[in-house]
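A.B. asks: The opening position of the sequence shown corresponds to residue 43 in our numbering, with each subsequent residue numbered one higher.
Hints may be right or wrong, so weigh each one.
Simulated pairs of lysine to any residue, SDA-like, Cα-Cα distance not exceeding 25 Å [unchecked claim]:
| # | residue 1 | residue 2 |
| --- | --- | --- |
| 1 | K250 | S185 |
| 2 | K143 | I128 |
| 3 | K250 | A289 |
| 4 | K143 | A224 |
| 5 | K250 | E190 |
| 6 | K250 | R211 |
| 7 | K143 | L61 |
| 8 | K250 | G282 |
| 9 | K250 | R260 |
| 10 | K250 | Y209 |
| 11 | K250 | N292 |
| 12 | K250 | I74 |
| 13 | K250 | A284 |
| 14 | K250 | P227 |
| 15 | K143 | E237 |
| 16 | K250 | P72 |
| 17 | K143 | R77 |
| 18 | K143 | A130 |
| 19 | K250 | R293 |
| 20 | K143 | I225 |
| 21 | K143 | L131 |
| 22 | K143 | S154 |
| 23 | K143 | I221 |
What follows is a list of derived Cβ distance ranges for each label pair [stated by the list, open to error]:
| # | residue 1 | residue 2 | range |
| --- | --- | --- | --- |
| 24 | V251 | G141 | 36 to 46 Å |
| 25 | I288 | K250 | 14 to 24 Å |
| 26 | W320 | E256 | 45 to 55 Å |
| 27 | L317 | D167 | 47 to 57 Å |
| 28 | C135 | P178 | 36 to 46 Å |
| 29 | R299 | R65 | 13 to 23 Å |
Hints are computed from structural coordinates only; laboratory data are not their basis. Virtual Cβ for every residue (Gly too), placed ideally from N, Cα, C.
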Amino acid sequence: MPALLAVFTPVLLVAFVALAVSRVHSRLRPQIASRMLLTLLLLGAFAAVPVLIELFTGSLFEVPVIGSWFHDGAHDLGFHVNVGQIIALLVCCGLLSMGVKINRVIRSYYRSNSSTGSELVVIHDQRPFAFVTPGPNGEVAISSALVEMLSPQEFELVVAHERAHQYGRHDRLLLIGNICTAIIPLLRPVLHRLEFSLERIADDCAAKVSGSRELVARTLARVALYDDLPVLTMGISKVGVAARVIALTNRSSHLTRRNLALLWVFVFSLLPVTLLQWHHVFASLRQVCGV
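Whenever a hint applies, use it, and build me the whole structure from the sequences.
C.D. replies: Here it is, written out as structure tokens:
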């Protein structure tokens with residue numbers, strides 16, 4: 043039991059700190075917040091991988107017929123992990139589910155990555171929406187209903203918002219974030235905050251193009267009727283519309299440079315914890331079987 047706690051404590055600590063630190067994302071500039079949130083997701087996944095390695099290794103010993111062969115070979119090398127048949131079954135189901143999720147994310151990314159060569163595509167649909175597909179040659183897709191309801195100035199604003207996602211390659215950040223949360227689902231709220239920060243970046247870009255943050259806020263409120271967008275696409279109405287409108291109209295004070303530096307130090311202090319996680323896992327794997 044102490045060895046098991048030593049293995050799981052670091053990853054749970056990293057997840058808890060990541061969730062706590064990410065709550066201040068709205069106090070940060072969106073560019074800084076997106077980098078910090080992505081760093082937290084990567085640290086969380088890096089801490090979770092060794093746990094998965096240990097659980098998978100222990101599960102191999104519970105496989106009928108070939109499990110004893112793995113057990114004997116590991117015993118001769120000084121490796122052994124006891125997990126039990128029930129836990130081994132749960133681990134196998136969990137790893138299978140994780141593999142399916144990662145495969146689905148990657149397939150959705152490359153399926154949406156296809157391009158017809160047009161920079162702007164109007165989709166005949168009665169629902170008002172706009173999004174940009176993943177990839178360096180992503181297309182801005184806008185529904186015919188949204189085109190009809192927007193003024194020319196608002197239309198240019200929406201296109202500028204979506205192109206900001208394309209030029210910033212926000213699709214890659216979302217891809218990495220979705221893979222990380224497939225590995226450690228506890229960090230799903232951090233991914234949502236990353237999506238929110240990326241939308242704020244695009245809002246600011248649209249505000250620079252239009253010259254009016256109030257116009258962006260009004261347009262955002264008008265198109266916030268439809269958010270059922272394809273996976274890994276970035277859309278103007280997809281995440282946190284109310285909070286983004288408030289951020290556009292009410293300039294909140296950001297953290298001071300000193301507090302921001304301390305926050306980054308706090309984030310990177312998780313790196314030694316993740317390395318300790320790997321150390322604990324290898325130490326546990328090297329425990330000699332007592333049979």
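A.B. asks: Next step is simple, just say for each hint if it's right about the structure.
C.D. replies: Verification of the hints:
1. K250 to S185: Within the cut-off at roughly 24 Å; holds.
2. K143 to I128: Answer holds: K143 to I128 is near 23 Å, not above 25 Å.
3. K250 to A289: Holds. K250 to A289 sits at ~15 Å (cutoff 25 Å).
4. K143 to A224: 6 Å, holds
5. K250 to E190: 24 Å, holds
6. K250 to R211: Since the Cα atoms of K250 and R211 sit roughly 19 Å apart, the hinted pair holds (cutoff 25 Å).
7. K143 to L61: This hinted pair holds, its Cα atoms lying about 22 Å apart.
8. K250 to G282: Answer holds: K250 to G282 is near 20 Å, not above 25 Å.
9. K250 to R260: 15 Å, holds
10. K250 to Y209: 15 Å, holds
11. K250 to N292: 16 Å, holds
12. K250 to I74: 18 Å, holds
13. K250 to A284: Distance of about 20 Å is within 25 Å: holds.
14. K250 to P227: 36 Å, violated
15. K143 to E237: 18 Å, holds
16. K250 to P72: With Cα atoms ~15 Å apart, K250 and P72 stay inside 25 Å; holds.
17. K143 to R77: 24 Å, holds
18. K143 to A130: At roughly 20 Å apart (the allowed maximum being 25 Å), A130 and K143 satisfy the hint.
19. K250 to R293: 15 Å, holds
20. K143 to I225: Judged against 25 Å, a Cα distance of about 9 Å means the pair holds.
21. K143 to L131: 18 Å, holds
22. K143 to S154: OK: K143 and S154 at ~16 Å, within 25 Å.
23. K143 to I221: Satisfied, since the Cα-Cα distance of roughly 8 Å is no more than 25 Å.
24. V251 to G141: 36 to 46 Å: The hint (36 to 46 Å, Cβ to Cβ) holds, given that V251 and G141 are roughly 42 Å apart.
25. I288 to K250: 14 to 24 Å: 19 Å, holds
26. W320 to E256: 45 to 55 Å: At roughly 50 Å between Cβ atoms, E256 and W320 fall inside 45 to 55 Å, so the hint holds.
27. L317 to D167: 47 to 57 Å: For D167 against L317, whose Cβ atoms are near 50 Å apart, the range 47 to 57 Å holds.
28. C135 to P178: 36 to 46 Å: 37 Å, holds
29. R299 to R65: 13 to 23 Å: About 20 Å separates the Cβ atoms of R299 and R65, which means 13 to 23 Å holds.
Consistency with the previously given hints fails for number 14 only.
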